[in-house]
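Given these sequences and hints, build the entire structure.
Residue numbers (my numbering), protein chains in the order written: chain U, 1 to 154; chain R, 1 to 154.
Errors might be hidden in some of the hints.
Copies of the same chain look alike in the list, so a pair counts if it works inside one copy or between any two.
The calculated lysine-lysine pairs, modelled on DSSO-like cross-linking and capped at a C-alpha distance of 27 Å, are [claimed, not checked]: (1) K3 to K124; (2) K61 to K113; (3) K151 to K38; (4) K151 to K44; (5) K113 to K11; (6) K13 to K96; (7) K31 to K13; (8) K24 to K124; (9) K151 to K54; (10) K13 to K58; (11) K11 to K151; (12) K23 to K124; (13) K151 to K31; (14) K3 to K151; (15) K64 to K23; (16) K90 to K124; (17) K90 to K44.
Hint data in this document are derived by calculation from the structure and do not stem from the laboratory.
Take a look at the letters that make up each chain.
Protein chains: 2
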Amino acid sequence: MIKIISVGTIKEKYFLQACEEYKKRLSRWVKVEEIEIKEEDENKYFNIETLLEKEADKILKHVKEGEFIIVCDINGIELSSEEFSEILRKNINSSKNITFIIGSSNGLSNEVKRRADLLLSFSKLTFPHQLFRVLLYEQIYRGLSIIYGTKYHK
Amino acid sequence: MIKIISVGTIKEKYFLQACEEYKKRLSRWVKVEEIEIKEEDENKYFNIETLLEKEADKILKHVKEGEFIIVCDINGIELSSEEFSEILRKNINSSKNITFIIGSSNGLSNEVKRRADLLLSFSKLTFPHQLFRVLLYEQIYRGLSIIYGTKYHK
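See the structure below:
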C-alpha cells in the first residue's frame, strides 16, 4: 500500500482532477490511501516552529511502525525516475507499505524529517503543494510503469 | 515578452486549464506567446536523431536574434526559484525577450541545445511534457511574483 499524507488541501479543480486520474491509473497495481492534514492557522502561532510541531503531531499519528517513510523536502536528495522506481520496487517486493509526507508551504518540522527513511527532493525549485501532489502521483505512476513494464500512458 | 515553444500538444483538459490559469495571472505583467510544434511521427523515421533534426528546423524558425533562449533539458543546470527569478529579472530589465523551448518525450536535438543561452533542468526526474508545461508556467509566475513583490497567489 502507498499512503500519502499531505498538509493542506487541493483547492484548484484541475489539480484535483489530475490527482484523481493518476490515482485511477494506479489502482490496478496498488492501493493508495490519501490523508489530508488541516493546515494550522499562521495567525494563531508566535512562530513557525510551534505551528510545525502541532502539524507534526497530527502527521505522525498516521505513521505506522514498519512503513518505509519518504519525506518530501527541498533539501533532500534528488533521484532520477529510474532510481525512484527502484526504491518503490524494493519496498513493494518486501511487502513494505510506503508512506509519503508532503508539508505545506511552511515546510515540515525536524521531528517529521527525523522519521524519514528517505528525505527526497523533487527539484531545487519551489512548487506549490497542490501542484507538488500532482508531481508525486505522476512519479509514482511512472515508477510503477517501469516496474511492471507497461508502456507509459502519456 | 515571454515565448514558450513546445513540441507536442496538451491533451489533458486539467493540464490545459492549469496553464490557462497561470497565463491569465501572468497577463498583468507580461505578454506570453505560446507556440506548439507538431510532434513528428516516430514511425516515419529510421532513427530519433533524424526526427529531432526535423523538429529542430521547425522550432528554430520561431527563434529570433537577440532573444534570451532557455532550453529545458534534464541534463541542464538546476536553479532555485530565486535564481530562476533573477534570470527573468535581468532579461526583463534589459528589455530582452525570453524564449523557452520544451521538447517532446524524445528530447531535443543538439542543434537546439547549442542555441541555448541557458540549458535549464527542473529536476532529475522525468516528467511528461504536458505536465512540464504547467511546471514552467508556475515557475514563471512565481519568478515574476518575486520580482514584482506581490504575495504569491497559491
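Outcome of the hint check:
Taking the closest pair of Cα atoms, K3 and K124 come within 27 Å of each other both inside a single copy (24 Å) and across two copies (23 Å). Within a single copy, K61 and K113 get their C-alpha atoms as close as 15 Å, which meets the 27 Å cut-off; across copies the closest is 48 Å, which misses it. Only between protomers do K151 and K38 lie at most 27 Å apart by alpha-carbon distance; the minimum there is 22 Å, versus 37 Å within a single protomer. For the homomeric pair K151 and K44, the shortest alpha-carbon distance between copies (20 Å) is at most 27 Å, but the shortest distance inside one copy (49 Å) is not.
With identical chains, the CA atoms of K113 and K11 are at most 27 Å apart within one copy only, with a shortest distance of 26 Å there and 37 Å across copies. When the C-alpha separation of K13 and K96 is checked against a cutoff of 27 Å, the pair qualifies neither within a copy, at 32 Å, nor between copies, at 35 Å. Proximity of K31 and K13 under a CA criterion of 27 Å is satisfied in both settings, with 23 Å inside one chain copy and 25 Å between copies. In this assembly of identical chains, the alpha carbons of K24 and K124 lie at most 27 Å apart only when taken from different copies (26 Å versus 29 Å within one copy).
Proximity of K151 and K54 under a CA criterion of 27 Å is satisfied inter-copy only: 25 Å between copies versus 43 Å inside one chain copy. Taking CA atoms no more than 27 Å apart as the test, K13 paired with K58 passes inside one copy only; the shortest distance there is 26 Å, against 34 Å between copies. With identical chains, the CA atoms of K11 and K151 are at most 27 Å apart between copies only, with a shortest distance of 18 Å across copies and 31 Å within one. Taking identical chains as interchangeable, the C-alpha atoms of K23 and K124 lie at most 27 Å apart whether they share a chain (26 Å) or sit on different chains (23 Å).
For a Cα distance limit of 27 Å, the shortest separation of K151 from K31 inside one copy, 20 Å, qualifies, whereas the shortest one across copies, 38 Å, does not. Only within a single protomer do K3 and K151 lie at most 27 Å apart by alpha-carbon distance; the minimum there is 24 Å, versus 32 Å between protomers. With identical chains, the CA atoms of K64 and K23 are at most 27 Å apart within one copy only, with a shortest distance of 22 Å there and 42 Å across copies. In this homomeric assembly, K90 and K124 come within 27 Å of each other (Cα to Cα) both inside a single copy, at 26 Å, and across copies, at 20 Å.
Proximity of K90 to K44 under the C-alpha cut-off of 27 Å is found in neither arrangement, the shortest distances being 42 Å within a copy and 39 Å between copies.
Violated hints, listed in ascending order, are 6 and 17; each of the other numbered hints is respected by the structure.
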